[in-house]
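Line order of the protein sequences matches chains A and B.
Per our numbering, the first sequence starts with residue 1, numbered consecutively.
Per our numbering, the second sequence starts with residue 1, numbered consecutively.
Honestly, I wouldn't trust all of these hints.
As the list claims (entries may be wrong) - Mimicking SDA-like on lysine to any residue, the simulated pairs with C-alpha atoms at most 25 Å apart in a straight line are:
id, chain 1, residue 1, chain 2, residue 2
1, A, 202, A, 188
2, A, 193, B, 71
3, A, 247, B, 208
4, A, 193, B, 70
5, A, 248, B, 141
6, A, 248, B, 75
7, B, 65, A, 220
8, A, 240, B, 221
9, A, 173, A, 134
10, A, 240, B, 6
Keep in mind the hints are simulated off the structure, nothing from the lab.
Here is what each chain is made of, one letter per residue.
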Amino acid sequence: MAPVQTTNKTSIIKITDLDFFYGDTQALFKINLTIAKNRITSFIGPSGCGKSTLLRCMNRMYDVIRNTKASGSILFDNNNILQTSTDVTGLRRRIGMVFQKSNPFAKTIYENVVYGLRIAGENKKSVLDQAVEESLKGTSLFDEVKDRLNESALGLSGGQMQRLCIARAIAIKPDVILMDEPCSALDPKSTAKVEELMLNLKKDYSIVIVTHNMQQSSRISEYTAFFLEGRLMEKDTTQKIFTNPSKKETEDYITGKFG
Amino acid sequence: MHRHFEKGHKKLNSMFEDLCNTVENNFTQLTLAMEKMDVSYFDKFPDLDLSIDEKEIAIEEECLKLLALYQPVAGDLRSIIAILKVNGEIERIGDLTSNIAYRAKSLHSFKMEASAFLIPEICTIVRKMLHNSLKSFMNRDRNMAIKVCHLDEQVDDLHGDMYKVLRVDFEKNPKKYDAYMSYISMSRFLERIGDHTTNIAEDLLYLMEGEIFRHRKIEVYRPTD
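One chain only, chain B, in its complex shape:
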């Protein structure tokens, strides 16, 4: 019985890894495209996101199948539940990546750079958070997951600073209202991606320790030696 479950679980893990790689790759490529203002890459987005949606549904169906057929318990149950939850987080990251691409393209029409103000700094941290959250999940690396949670504060602070910086600049160029809306939206989408990566990290902590860590203060997360 367990061998059958293991086989299904292995297949699920491989589908999940493929989704993670796709979403991370899309995000990384987008940040590079933003630096070069590569509009052709921005245009690829509705299709790229469609493929993520299909993968997400296939993973969810596989999780439901394993739950229904094998009624897993303990570590096996936590693993399926964690994948089911992270699957949703990753799909949302895909959507947000797509939204950023749309906003980046709109900046091109205003002849403005997407990588401006604090966007490059936020992108760098969020890229690291995304990479490390997925890597920690794959490698069951508790300490790496905790570090992801700690990075979220930096992103929140930068997003807060973004309002201040934009306000000063906006007063000089009030006619470019729509462009500033795009910057603040991009910053907000990046900040949301950061939140989703911390959710992934917290789901890993649940998987490993069987305890729900969400909605706790940052001090609770302690790396082990």
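Okay, chain A solo, but in the shape it has when bound:
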């Protein structure tokens, strides 16, 4: 069978009829969604609505949780990544992830950034040096840490740690970056820096962000998807969602009338 055309000039991931289960509990119901290329797409919805689960499906992070099951398809680069034959390590290299709580390794700043490259077998110093400089510049961190690259990453501030994690994610040059509430533990100044960084990064990467901060979603994303009880209720341009949503549930949630 000829591979289905998944990606074109405007989309990078195509999710079709995705169901997801934790044991007997169904967390996602028939999700159909396309992720736009070189754009920021945000997932919003109340706690437990399935937005983080969907994010984790997109690079098979659920594999580390026992007794989970996904059906349907997530097409990325013409392959259904849900297939058991998928090279998960390779997939995660191309679809990177940044978590809510920054999780730098107990290593130097330099080693944190090159971690993914070393795992991929790259040990040439000139290549690693270049990757460190590019990634740290790309996350606007270079000037702040260039004189202490060999110091522990754990000495950085919360905002710097989160940007270091983003630098680590982009060092291996993925196609997509998944971000699970990347600013929820940051103060407004650090949040502003991460948001500015995301806007710069979309030139080279497609970004999907889960956020509880509606203003963040409206500030930075081009597309917004609203989830409720495991279902995708509405996806549209962010402007449409925040000025004139089509569904009453979306309106109730974003205006705070929900529940």
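Starting from the structure of chain A, add chain B where the hints point.
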């Protein structure tokens, strides 16, 4: 959070309703005063307009406060934006009403009636447009708002006719140039009030449907069944 916003929104609505009632009442009273040439009412105008200006500023400040404190979105955002815009339209209607009163008074000095030529007809339609635009906004009545937009053409036509009628009369009484200037100004002010009421109606359509309706041909406005 939303409860706090609702409280502020309710207060804003009540301030806005008060402004609408004041402006509509001033206009209605003015048209009655014009019929009777009640100069004492014309004299009240600078003060009446001052109170409208104060109300307008208070409403704008309340809108800005709600926007800054609660960052409303979707229907809540559209409601604040629509009130903010209509607030400006209503204030302009207040100014124009005041201008009409000034011109009506000047006609008194020429011993001429303010309600002459086509002025009564234009006043009747504009009064209806003003009343219905404000009522449709308060009651979120889409069809009533669309009807207001359709009435604007009649006002424009009457204002156009006013030039023709006045020209004929002016040729008979060229010395009363200033008086004729007052008539044409009044007609023009009334026509402008009509325009502002259609803006209010269009702002209501935006509030309800999230789509900007301004600068479109009249055929676009379709009442629903």
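Okay, the hints, checked on the actual structure:
At most 25 Å may separate the alpha-carbon atoms for a hinted pair to count; residue 202 of chain A and residue 188 of chain A meet this at roughly 21 Å. Between the alpha carbons of residue 193 of chain A and residue 71 of chain B the distance comes to roughly 21 Å, so the proposed pair stays at or under 25 Å and holds. Distance restraint check for residue 247 of chain A and residue 208 of chain B: the Cα-Cα separation of roughly 14 Å lies within the 25 Å cut-off, and the hinted pair is therefore satisfied. Taking the CA atoms of residue 193 of chain A and residue 70 of chain B, the gap is about 23 Å. The hint holds against a cut of 25 Å.
This hinted pair checks out: residue 248 of chain A and residue 141 of chain B have alpha carbons roughly 20 Å apart, not beyond 25 Å. Distance check on the hinted pair: residue 248 of chain A and residue 75 of chain B sit about 10 Å apart at the alpha-carbon level, within 25 Å; holds. Restraint check for residue 65 of chain B and residue 220 of chain A: satisfied, since their Cα atoms lie roughly 24 Å apart, inside the 25 Å limit. Proximity of residue 240 of chain A to residue 221 of chain B is assessed by CA-CA distance (about 22 Å); at most 25 Å being required, the pair is judged to hold.
Between residue 173 of chain A and residue 134 of chain A the CA atoms are separated by roughly 11 Å; this keeps the pair inside 25 Å, and the hint holds. Simply put, residue 240 of chain A and residue 6 of chain B have alpha-carbon atoms about 23 Å apart, close enough for the 25 Å limit, and the pair holds.
In terms of the numbered hints stated before, the structure departs from none.
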